[in-house]
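> Take the given structure of chain H and dock chain S to it, following the hints.
Protein chains in written order, with this note's numbering: chain H, 1 to 85; chain S, 86 to 265.
Please keep in mind that the hints were generated in silico from the structure rather than gathered at the bench.
Built from N, CA and C at the ideal position, the CB exists for glycine as well.
Do not rely on the hints blindly, as some may be mistaken.
Said to hold, decoys possible - 30 Å max Cα-Cα, derived DSBU-like pairs, lysine-lysine:
| # | chain 1 | residue 1 | chain 2 | residue 2 |
| --- | --- | --- | --- | --- |
| 1 | S | K205 | H | K19 |
| 2 | S | K205 | H | K78 |
| 3 | S | K263 | H | K78 |
| 4 | H | K38 | S | K253 |
As the list claims (entries may be wrong) - Covered stretches of chain S (chain H as the covering partner; in silico rule of three or more C-beta atoms under 8 Å from a C-beta of chain H):
| # | region |
| --- | --- |
| 5 | 92-104 |
| 6 | 124-137 |
| 7 | 225-233 |
| 8 | 254-263 |
One letter stands for each residue in the lines below.
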Amino acid sequence: MHCEEVGELLDAYALGALKPEERGPIEEHLADCLRCWKHLKECQKAAALLVLAVPLEQPREELRQRIIAEAAKETRQKADEPGEA
Amino acid sequence: MARLSYRDMRAFETLYDRYETLVYSTALRVTGDTHLAEDVTQETFLRLWRSPQLYVPERGRFGTWLLSATRNRAVDYVRSRGRRQKRETTVEAPQKEPAASEMADPALAAQLSDVRRTVKTALQTLPAEQRQTIELAYYGGYTQQEIADLLNQPLGTIKTRIRLGMQKLRKALATEVKEL
Numbered sequence: 001m002h003c004e005e006v007g008e009l010l011d012a013y014a015l016g017a018l019k020p021e022e023r024g025p026i027e028e029h030l031a032d033c034l035r036c037w038k039h040l041k042e043c044q045k046a047a048a049l050l051v052l053a054v055p056l057e058q059p060r061e062e063l064r065q066r067i068i069a070e071a072a073k074e075t076r077q078k079a080d081e082p083g084e085a
Numbered sequence: 086m087a088r089l090s091y092r093d094m095r096a097f098e099t100l101y102d103r104y105e106t107l108v109y110s111t112a113l114r115v116t117g118d119t120h121l122a123e124d125v126t127q128e129t130f131l132r133l134w135r136s137p138q139l140y141v142p143e144r145g146r147f148g149t150w151l152l153s154a155t156r157n158r159a160v161d162y163v164r165s166r167g168r169r170q171k172r173e174t175t176v177e178a179p180q181k182e183p184a185a186s187e188m189a190d191p192a193l194a195a196q197l198s199d200v201r202r203t204v205k206t207a208l209q210t211l212p213a214e215q216r217q218t219i220e221l222a223y224y225g226g227y228t229q230q231e232i233a234d235l236l237n238q239p240l241g242t243i244k245t246r247i248r249l250g251m252q253k254l255r256k257a258l259a260t261e262v263k264e265l
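If we strip away everything but chain H, and leave its shape as in the complex, we get (with noise of 0.2 Å):
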């Protein structure tokens, strides 16, 4: 592929939204070109910052009860664990 057509594809890259057969020859064309992957970049920066869009909405407290025992289990399983200290 070449700059041209890559570039116009690299906001959809950026969105995730080409499939993967459509990714390949871009990856292979963004390994060899430094120009094409700074503005892809600059793509993906910007989409990034799309996540700071969505409306805000709070969990249940039981939520944060559940994931932090939840690490405190994997955290003592892990010290059980043969070798642990």
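Same frame as chain H, but now just chain S:
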């Protein structure tokens, strides 16, 4: 973050309290389902607890990285279940967003509120069809072809909407992009 590497539970709790609303809201926006959003939130935080090295500071700010990771995980969830989020076409505002003072970390909320406002305004100023297409791609996890099928539009039209819409967003968010 360094304290997480030492399995510091207090550090994990602090991190959870800071980001729970943002992570959960992101997961909910993508999945459109409170149970799935909770599962995604749990997996996102536990993954970080198990492997804090997944975050590489050189690649950008922690908050943006965490929320992008949440979005990607949520899209994987929705895809793997063959389900589609219900909030496909618009960014719905809830009845009442929690105010900064109501969030577990008001300082972080206040710090992010300016950026959030700028991003929301930038999205709102796009032509409706460009905004809808970008939202379907990013929050819905749809490919260009799927969006074309969904909206009954030619693939070329969808490609153009994404390209033009994102060009405008990059321009409107140039300052914020530089700071990432």
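> For this structure, which hints from the list above don't hold up?
Violated hints: 2 and 3; rest satisfied.
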